[in-house]
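Visitor: Could you build the full structure based on these sequences and the hints that come with them?
Going line by line, the protein sequences match chains G and C. Under the working numbering, think of the first position of the first sequence as 1, with each following residue one higher. Under the working numbering, think of the first position of the second sequence as 1, with each following residue one higher.
In short, the hints are calculated from the structure, not lab data. Don't take each hint at face value.
[What the hints assert, rightly or not] If you want the ones that stay clear, here's a sample from chain G, every Cβ over 12 Å from chain C, calculated: (1) K23; (2) I28; (3) P109; (4) F154; (5) V156; (6) A227; (7) E249; (8) R280; (9) G321; (10) F323.
[Said to hold, decoys possible] Footprint (simulated), chain C over chain G, 3 or more residues, beta carbon under 8 Å: (11) 42-49; (12) 60-72; (13) 85-98.
C-beta: ideal position from N, C-alpha, C; glycine also.
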Amino acid sequence: MKKDQYILGIETSCDETAVAIIKNGREIIANVVASQIESHKRFGGVVPEIASRHHVEQMTIVLEEALNKASMTMNDIDAVAVTEGPGLVGALLVGVNAAKAIAFAHQKPLIGVHHIAGHIYANRLIKEMTFPSLALVVSGGHTELVYMKAHGDFEVIGETRDDAAGEAYDKVARVLNMPYPGGPHIDRLAHEGEATIKLPRAWLEEGSFDFSFSGLKSAVINTVHNAEQRGETILPEDLAASFQESVIEVLVTKTLKAVEAYDVKQLLLAGGVAANKGLRKALTETFKNKEEIDLVIPPLHLCTDNAAMIAAVGAIMFEKGMFSDMSMNANPGLDIQFQQ
Amino acid sequence: MKILAIDTSNFTLGIALVDDDKIIGEYITNIKKNHSVRVMPAIEMLLKDCDTLPQDIEKIVVAEGPGSYTGVRIGVTIAKTLAWTLNIPLSGVSSLAVLAASAGSYFNGVISPLFDARRGQIYTGLYQFQESRLLDLASDHLTLTVNWTQRLLNKEEPVLFVGNDLSIHKEQIKADLGDRAYFARVTEQNPRPSELAILGRDKEAVDIHNFVPNYIRLAEAEAKWIEATKGSKLQ
Ligand SMILES: [Zn+2]
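Guide: This is how it looks when you write it as structure tokens:
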């Protein structure tokens, strides 16, 4: 009988200090997330220096809580996986150095994980992956379509040329005077309004799977500005609904085209914006009658940043023996492709 | 007691392994290179060379700042994680105290260790050896060099200045304090990690989870926020 495999994951790329332990790549034993969002709210966004300071305050507390929840010691752990990048460099550094220290202290293998690979692998905690597979990754920093032929084989077939979808959400929320983080507010508001305002959709050139959201963001700002000048009022609910409709229509249409072009078996939703109700609903409806496509949408708590998803990638890299040494560094510009 | 001392708070990267009164090994570089890449390999190498396993370490001592925010955080994160996971005590020592101890033990006067903090400013404090113990006479703080020398003028004693950043402030200090200013020798300018270990050896252990670097300064955004909200309480 094969021995069970336990991976400890650490994630500190932005404003969550997270540690998780997962069994055999798929089963969550502990998943602890300490969010700093309340601290950053007063600044209207994540302040990198403050994020780094909070990570130092939280790191060992969160590590201890995860091991306690799992009723385990480091002796039970096979490897330590940590987010190597991309992300805020000062924030990443805390996780990377904690991971190195704990791996060194117990002489365990150290694994550096790509944050977006983590978001994609959050899906494997819900359902086993089948290949070829396509992941739609939407977050505050990313909007990408990633094609996968096998475990750890990532090919970015489309990405944003300017703003990430989540970024556009936050900027539009600011125009509508909503508190940070704006995404959930827009999503909620959109459900109360109607998409009556004409806003552009950026399709880009024929056949491209790339995205662009800066034109849409500008159109929203102009709409508000023009209405103010004419003394007209625009219902924020309607503006939110119109904006969300444009974003979702482009995301879903391009995803559907990519699913067909690459003939994939499985579609995975990933990233913080995957928590968006409008997007979840639109994808579910679009793929409802396509039984050949297995659509996987992770629960909300696995869409936002967590360490279980990092450990899930770590489990695959552990099998492949892809270890780092003590000179591993935080890499804010890390490429998603496994260095094999 | 085997102590591992870690200092990454400034340009000097220092690791020491000390056993009670014996300095077993020491690693120091003074170069502008990435601490994050180099600290753990340095610890790994030093322990290996000294035939010491992580489990043999009985205490961790770390330089807690002031210094580079990122640098201090790297050292403190590693120190906290090692101490917590090895279940051994941790002590933090001022990075300036380490510098003072590295040069001033035979000096008859007061010691002002310093790190440059840009725009004519320094991180400094005032220390003195009395009966071979290092005393802290003024808390570590951030000050303009000119303000600091004015303050020192009021003291009668000679002052020994220590630190690799002396070259930036030496002229100012000489101009203000004249022959009452002494400067440490070139071999004494690096903070010695073995001094860090000895200073931390007898210090009380901290609560590991709640231990944080001594940044001296608030983060810029936080300072501005407090200013804007007129000093309302930090959350
Ligand atoms: Zn993320």
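Visitor: Please go over all the hints and tell whether each is borne out by the structure.
Guide: Do the hints match the structure? See the list:
1. Annotated as non-interface, K23(G) keeps its C-beta farther than 12 Å from every C-beta of chain C; the closest such distance is 21 Å.
2. With 12 Å as the threshold on Cβ separation, the claim that I28(G) sits away from chain C holds: the shortest Cβ distance comes to roughly 22 Å.
3. With a minimum CB-CB distance of about 14 Å to chain C, P109(G) clears the 12 Å threshold, and the non-interface call stands.
4. The claim that F154(G) lies off the interface holds: its Cβ sits roughly 25 Å from the closest Cβ of chain C, which is beyond the 12 Å cut-off.
5. A cut-off of 12 Å between C-beta atoms confirms that V156(G) is not in contact with chain C; the least separation is 27 Å.
6. Here A227(G) stays apart from chain C, with its beta-carbon at least about 30 Å from theirs, past the 12 Å limit.
7. At roughly 37 Å from the closest C-beta of chain C, the C-beta of E249(G) stays outside 12 Å, upholding its exclusion from the interface.
8. Its beta-carbon lying about 33 Å from the closest one in chain C, R280(G) satisfies the requirement of being farther than 12 Å from that chain.
9. In this structure G321(G) is separated from chain C by more than 12 Å, as the shortest Cβ-Cβ distance comes to about 20 Å.
10. The beta carbon of F323(G) sits about 14 Å from the closest Cβ of chain C, which is more than 12 Å, so the claim that it is off the interface holds.
11. Here the region 42-49 of chain G counts 4 residues with a CB under 8 Å from a CB of chain C, which clears the bar of 3, and the coverage holds.
12. Requiring three or more residues with a Cβ within less than 8 Å of a Cβ of chain C, the coverage given for the region 60-72 of chain G holds, as 4 such residues are present.
13. For the region 85-98 of chain G, the proposed coverage by chain C is satisfied: 6 residues have a C-beta within less than 8 Å of a C-beta in that chain, meeting the threshold of three.
Violated hints: none; the structure is consistent with every hint.
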